[in-house]
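Going line by line, the protein sequences match chains A and B. Residue 12 in our numbering sits at position 12 of the first sequence, and the numbers go up by one each step. Residue 184 in our numbering sits at position 184 of the second sequence, and the numbers go up by one each step.
Please note that a few of the clues may not be correct.
[Stated by the list, open to error] Cross-link-like lysine-lysine pairs, in silico, DSS-like; alpha carbons within 27 Å at most:
id : chain 1 : residue 1 : chain 2 : residue 2
1  : B       : K77       : A       : K29
2  : B       : K77       : B       : K138
3  : B       : K142      : B       : K77
4  : A       : K29       : B       : K142
5  : A       : K51       : B       : K138
6  : B       : K145      : B       : K77
7  : B       : K77       : A       : K51
Treat the hints as calculated values from the structure; they're not laboratory data. Computed from a prediction, not measured in an experiment: that's the story for all the values here.
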Amino acid sequence: MTDIAFSIVVPIIVGFIAGRYLDNLTHSKFPLWTIIFSLLGFITGMWSIYKRYIK
Amino acid sequence: MQKIEFGNHWLVRLFGLEVHMDTMLTAWIAMIILIIFALTVTRNLNRIPGRLQVFSEMVMEFIEGISVGQMGNEGYKHIMLIGSLFLFILVSNLLGQVPLKLYHLHEGEFASPTNDLNVTVALALIVSVYYLGSGILKSGIKYFKHYFQPFWFMAPLNFMEDLTRPLSLAIRLFGNILAGEVIILVILSIVPQFLFFAPIPFMLFELFVAFIQAFIFAVLAASYVAAATAGHDEHSHESTISQ
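Extracted from the complex, chain A is given alone in its bound form (with noise of 0.2 Å):
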């Protein structure tokens, strides 16, 4: 189960990770790239459970 786990967790991790850098780099004061990436993380993740499972 440790593998479904990872591939949650880790797309969120790099989403989270790009969208704050993104952040810093136009200086935002709200973190909208980090709520983008971070939400797009998850989905990654869910999609890759959801591929994997139908076959």
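Starting from the structure of chain A, add chain B where the hints point.
Coordinates of chain B only, in the frame set by chain A:
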């Protein structure tokens, strides 16, 4: 009580790069063990096999099972990668249970190469480059078509999935092996000295974890290669792994 420290490595500057010499040395030990084993086994191959030949044939059949099980006949082409990964990770994981720490270094300590994130990331990157290369060699530029399936707007998700795969592979292996070694260290540090045998059940469990982690890495690598080299409609095929 024993003091527990993490992340200390014997740093050596090599060709302008800082390398962790302690885990590099144990990685070399793992490679030397495998080379000696391979040379010993293949020196006297007989039609009526001896014990060592039977054992090595069992190992090879197991690796063949992983590769061919995931990729069908295509799997025979990729046995070298899957086998090398499985054997190297297995021997590396098992090296963590050998009391190499008794030999004290002035900085860091001898430990399993797979409890160093640099090693596991390198292994995961090899897998990523390999399956990308295999996919491009097999389908050419059409390989990238799968990023836009089933719908074009799914491209960012598919791209991010490909990006996070090596990280996921690397962190899984690193986390499991490091956690196992930390548990043994913690137990050793909290029990009185005369109970030095207390971590033995955990060490036995770690032997099992060493095998399982090598197996999971090899199966996932095989499934990624299988997905990359399969037709586009089958691209999302991956095996179900549960631990």
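Verification of the supplied hints:
1. K77/B <-> K29/A: Violated - the C-alpha atoms of K29/A and K77/B are around 53 Å apart, more than 27 Å.
2. K77/B <-> K138/B: holds, 12 Å
3. K142/B <-> K77/B: holds, 21 Å
4. K29/A <-> K142/B: Judged against 27 Å, a Cα distance of about 42 Å means the pair is violated.
5. K51/A <-> K138/B: Roughly 22 Å separates the two Cα atoms, so the pair holds.
6. K145/B <-> K77/B: Roughly 24 Å between the alpha carbons, so the hint for K145/B and K77/B holds.
7. K77/B <-> K51/A: holds, 26 Å
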